[in-house]
Amino acid sequence: MSRPEELAPPEVFYNDTESFKYTSSTRVQHIQAKMTLRALELLNLEPDTPHFILDLGCGSGLSGEILTEEGYNWVGLDISPSMLATGLDRDVEGDLFLADLGNGVPFRAGTFDAAISISAIQWLCNADTAGVDPKKRLLTFFNTLYASLKRGGKFVAQFYPMNDSQTESIMGAAKVAGFGGGLVIDDPESKRHKKYYLVLTAGMSDRQI
Amino acid sequence: MKFLTTNFVQCAVKSCHSSLTSFPLQYEECQLVQQEQDYNPEFIVHMLERLDWNAIVQVAKDLGNESLPANKPEDLDPIMEDSQAVLRDLHTLLVETQIVEGKMVCKNCGHIYYIKNSIPNFLLPPHLAN
Ligand SMILES: [Zn+2]
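Here the protein sequences come in this chain order: A and B. Counting from 1, one number per residue, gives the positions in the first sequence under my numbering. Counting from 1, one number per residue, gives the positions in the second sequence under my numbering.
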């Protein structure tokens, strides 16, 4: 099977049919849930306190529903209108925004306690149309995300890098934006189950991890 | 989109971030609904310190509510009985008031962001893309 990133831009790939298929597939739901819970584990948020969380590439809100179950309030951004429409139909609790992550995160400084992203940021490495500069888009994304997080706020992103150089450009842009942190690879020996998580912190935290 | 979110969302155009007039966005022709949500006073208190109260008052005015106090409520405690009335009011305003249709206008660059079916559209036309 070819990777969706190689077929078409995300807003084209996740059209109505794909959004519905994607969201209603129990296998997809299971994998998404597992990765979201793992991302939350890596975020390591202070227990029993409220948190305002940004979900980047929220799709139809599968990860958002888990954030709600965990007691968090959230805002989700996605570039696919069909995915967001599916989210509306499912009555998710978070606010949904139609937005292109490569144009930046449109929230003022210090808005969010933390951010997550499940299976989305590898799309930023694509150059789907002429004049699109993935390097610039990655930097705009990380710079604006950094600003929108409170100092010491964490960002955990599960992603599917196509190759090592994609991982390097993603991590390079994050570093330039000021993030500290690194990569966590789960099941590194398994070609099928290997998962990449970017675990970043925006500046210094008041809280010891 | 919840009223709360109006206090955080800003114009996506990079050059507007340093402008003092760009935030908050100006709300026009908005259609509102009240949607019941679980009351979470801890969350309200958590968000209160990062709220820009002047922007809350400004956006409420755009939406036709001129009755908000000029100053941010202070010393609210989720477990105190005498904080409950204010916390309930804030919950109703911030979390239960939702904008389902309308326009958000940047007072710096003039770009209009449309809200349709509760979803704000922040896709930028090529000439404004960062
Ligand atoms: Zn603007």
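There may be inaccurate statements among the hints.
[As the list claims (entries may be wrong)] When the alpha-carbon atoms are kept at most 30 Å apart in a straight line, the in silico DSS-like pairs for lysine-lysine are as follows:
| no. | chain 1 | residue 1 | chain 2 | residue 2 |
| --- | --- | --- | --- | --- |
| 1 | A | K136 | B | K107 |
| 2 | B | K72 | A | K21 |
| 3 | A | K150 | B | K103 |
| 4 | B | K103 | B | K14 |
| 5 | A | K135 | B | K72 |
| 6 | B | K116 | B | K103 |
| 7 | A | K136 | B | K103 |
| 8 | A | K195 | A | K175 |
| 9 | A | K136 | B | K14 |
| 10 | A | K21 | B | K107 |
| 11 | B | K14 | A | K175 |
| 12 | A | K150 | B | K14 |
| 13 | B | K103 | A | K195 |
Simulated from the structure, these hints should not be mistaken for lab results. Here the structure is a predicted model, which means the values were calculated and not measured.
Hints versus structure:
no. : hint            : result
1   : K136/A x K107/B : 26 Å, holds
2   : K72/B x K21/A   : 46 Å, violated
3   : K150/A x K103/B : 28 Å, holds
4   : K103/B x K14/B  : 20 Å, holds
5   : K135/A x K72/B  : 42 Å, violated
6   : K116/B x K103/B : 9 Å, holds
7   : K136/A x K103/B : 29 Å, holds
8   : K195/A x K175/A : 21 Å, holds
9   : K136/A x K14/B  : 13 Å, holds
10  : K21/A x K107/B  : 41 Å, violated
11  : K14/B x K175/A  : 20 Å, holds
12  : K150/A x K14/B  : 19 Å, holds
13  : K103/B x K195/A : 41 Å, violated
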